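K.L.:
Residues per chain, in single letters:
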Amino acid sequence: MWGYVRDIWQGAKSIVVGHIVTFRNFWRPKITDRYPHSDAGKNWRPGPGYRGGFALLKSDEEDRELRCTACMSCARACPVGCIHIEGEGKGKERHPVSFYIDMGLCVYCHQCVEACPKDALTMTDEYEISGTSRAVLVRNLEELVAAGEGRTEVSRVV
Amino acid sequence: MSETTVAGLTTEEMIVNVGPQHPSTHGVLRFVVTLDGERVNECVSHIGYLHSSLEKIAETLRYEQYITNTDRFDYLNGLGNELCYVQAVEKLLGIEPPLRTRFIRTVMAELKRISSHLVYLGCYGNDIGAVTIFLHAFRERELLMDIFEAVTGGRLLYNYLRIGGLRNDLPTGFGDQVHRFLDHFPRRLTEMTDLLTENRIFIGRTRGVGMLTAEQALSYGVTGPSLRGCGVPYDLRKLRPYAAYDQVEFDIPTFPEGDCLSRHLVRMEEMRQSLRIVRQLLDKMPDGEIQAEVPRRLRPEAGEVYERVESPRGELGCYLVSDGSDKPYRMHWRGPSFYNLQVLPEMVRGGLVADFIATLGSLDPVAPDIDR
Ligand code: SF4
Ligand code: SF4
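Residue numbers (our numbering), protein chains in the order written: chain C, 1 to 158; chain F, 1 to 372.
It is possible that part of the hints are untrue.
Claimed, not checked - Selected chain F positions facing chain C (Cβ under 8 Å, derived; list incomplete):
1) Glu55
2) Lys56
3) Glu59
4) Leu61
5) Gln65
6) Gly129
7) Thr132
8) Arg139
9) Glu142
10) Leu156
11) Pro171
12) Gly175
13) Thr193
14) Leu195
What the hints assert, rightly or not - Where chain F lies over chain C, by a calculated footprint (3+ residues, C-beta under 8 Å):
15) 33-43
16) 90-102
17) 130-139
It should be emphasised that the hints constitute simulated quantities derived from the structure, not laboratory data.
Because the structure is a prediction, the values reported are computed rather than measured.
Ideal Cβ positions, reconstructed from N, Cα and C, are used throughout, including at glycine.
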C-alpha cells in the first residue's frame, strides 16, 4: 500500500520537476542559428587556428614572390600524401611550378603547415569547401595563390 | 527452430536484427537477438562495419604522422586517445614531457571526459525515451566544443598533442573561458539530474535492469564506468597516475548494484569529479616550456611498450612494437568498447527486449572504437 502511494507521489513529482525545468529553459536565450539562412550564420567566421581551405602566402618584401621554395617538407609531412609539388630552379631561385592539394583526401590535420620552414603554406578560415565532384576539390597553384591574397599570417592559435 | 511451451501454448522463437542502422546502436553495429515473446534468449553481436585498418595504417606512417589518426576511432575521446598514443611513443623514446604540458594534457583529457559523458547522457536518455535531455546535454557540450576549438582549432579531430609536447600553448583567455564553464556547468548538471536521473520513469527503466556482477565484469575484462558500476574501484588515473593525475585530489565514484542505473550514476558523478580535477589543475598550472627536446627523426630503439590510460569508457591501451625504424613495426589498440561489449549477451539473456536497448546504451559503446 505504502509503496503504491510512494510510486504515485514520485511519479507526480517527476512530472512537476520536468515541467519546471522545461519552463525555465523556455525563457533562456536560444543558442541555435538558422545557418545558412540567417545573417549571423552567413557572416560567421571561425576563430584563429581554424583549419580550413589552403592558401599559399607571398613574401612581405617588395617583390611579392611566393615564399614557397618547393622544398617538399609539407608533402613529406602529410600523413595521407595528398600534396604534389613540382619545383624549378636552384638555390634562391627555386619556386614551385605546380602545386596540387587534393582536399578530398586531406584529413585537415595541419601537419603540412607546421612542417613548412618558410611559413609559406597556411590553412585559412574558409569553411564552405564542399564541391560537386572530386575534381573541384583538387586545388592547384593558381587557386592556392588566389586564396592567399591579402593574407600574411599562418593559421595559428593565439 | 526450437519450440517452447508456455502454459500450454506453443510459441516459436523469433530472430530480430537490431541494427546495423538503428538509432540506439550508436554507430553501425548489428545484433542478432533471438526472442521468445518479449524475452531475449540469445544475443549475438556482429561487428566490423566500421573497421578502418587504423592499426595497419600505423605501419605505413612515421610516429609523428599517426597522431591525427588516433582522434578517429573513439571519436568522443579524441584528446584522450592522443594522450595514450603520445605517452606510448614517449615511453619508447624515453622522453619526459615538461610539467606544463602534462598539466594541459590532463585538463584537456578531463574536459573531453565531461564532453563524452554528456554525449552518453543525451543518447542514453534518447534510447530510454527521454528525448529532451539530449538537447540539454548537447547544449552544454557546445560550450566545451568552443573551448576545444579555441585551443586546438578543431571541434572533433584535434591533432593537438605532439610527441614530447603540444602543438601550441593555451590561447589567451583560456583560463577565463574554462572558469566560466566550471561555474556554469554544475547548476546545469543538477538540472539534468532533476530532469533524468531522478525521474520515476527513468529509474523504473534502469533499476535492476542489465545486471552485471563484479565477477562477470572482471572475467570479461570490462573496465571503466561499467566496472565501477559493479562496485570495483578500478581507475587507472588513481592506480597508475599518468600525466598530471598525481598532482590532484579526486574520488573514484563506485556504485555496488551493477545495474544500468548505477552505471549511469557513476558517469554523472565522474563529471563532477572531472570538474574538480580541472579546477585544481587550473589553479596550479605552472609556467614554462611546452615542448621537450625531441630528435628531428624519431627512431626509437627496437623494443615494445604498452601504455594505458583511463578513457571515458574504460582502459584504453596502446601496444607498440618498434624495429628501430621511423615507423612502428606493429601497433595494437585495446579499445574499451570492444571488451565491454563482450559481456552484453550475459546481461540481456532472459531480460525483456526493451531492456536490451537500455542495457546496450548503459555500456556506452562507440562503434569505431569496437572495430577500429
Ligand atoms: S592538412 Fe594534413 S592531410 Fe591535409 S594536406 Fe596538410 S598534412 Fe596533408
Ligand atoms: S609550402 Fe613550405 S614546406 Fe611546402 S614546399 Fe613550399 S616551402 Fe616547402
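K.L.:
Give a verdict on every hint.
P.N.:
Hints, verified against the model:
For Glu55 (chain F), the interface hint is violated, the least distance from its beta-carbon to any beta-carbon of chain C being 15 Å, above 8 Å. The closest approach between the C-beta of Lys56 (chain F) and any C-beta of chain C is roughly 14 Å, which is over the 8 Å cut-off, so the hint fails. Hint status for Glu59 (chain F) relative to chain C: violated, with the closest Cβ pair at about 13 Å, above 8 Å. Hint on Leu61 (chain F) holds. Least Cβ distance to chain C is approximately 5 Å, under the 8 Å limit.
Restraint check, Gln65 (chain F) versus chain C: the minimum CB separation of about 4 Å is within 8 Å; hint holds. Interface restraint check: Gly129 (chain F) against chain C, minimum CB-CB distance 13 Å, threshold 8 Å, status violated. The interface hint given for Thr132 (chain F) is met, as the beta carbon of that residue sits about 7 Å from the closest beta carbon of chain C, less than 8 Å. With its C-beta approaching chain C no nearer than about 6 Å, Arg139 (chain F) sits inside the 8 Å limit, and its interface hint holds.
Given hint, Glu142 (chain F) at the interface with chain C, holds; its Cβ is 7 Å from that chain's nearest Cβ, closer than 8 Å. Checking Leu156 (chain F) against chain C by beta carbon gives a least distance of about 10 Å; that is not within 8 Å, so the hint is violated. Because the closest C-beta pair between Pro171 (chain F) and chain C is about 5 Å apart, less than 8 Å, the hint holds. Using the Cβ-Cβ criterion of 8 Å, the hint placing Gly175 (chain F) at the interface with chain C is not satisfied: the shortest such distance is roughly 15 Å.
Using the Cβ-Cβ criterion of 8 Å, the hint placing Thr193 (chain F) at the interface with chain C is not satisfied: the shortest such distance is roughly 10 Å. Among the interface hints, the one on Leu195 (chain F) holds; its C-beta lies about 5 Å from the nearest C-beta in chain C, closer than the 8 Å criterion. Check result for the region 33-43 of chain C against chain F: violated, 0 residues qualifying (beta carbon to beta carbon below 8 Å, three or more required). With 0 residues bearing a CB less than 8 Å from a CB of chain F, the region 90-102 of chain C misses the requirement of three and the coverage assertion fails.
Here's how the region 130-139 of chain C fares: 0 of its residues keep a CB closer than 8 Å to some CB of chain F, so the rule of at least three is not met and the hint is violated.
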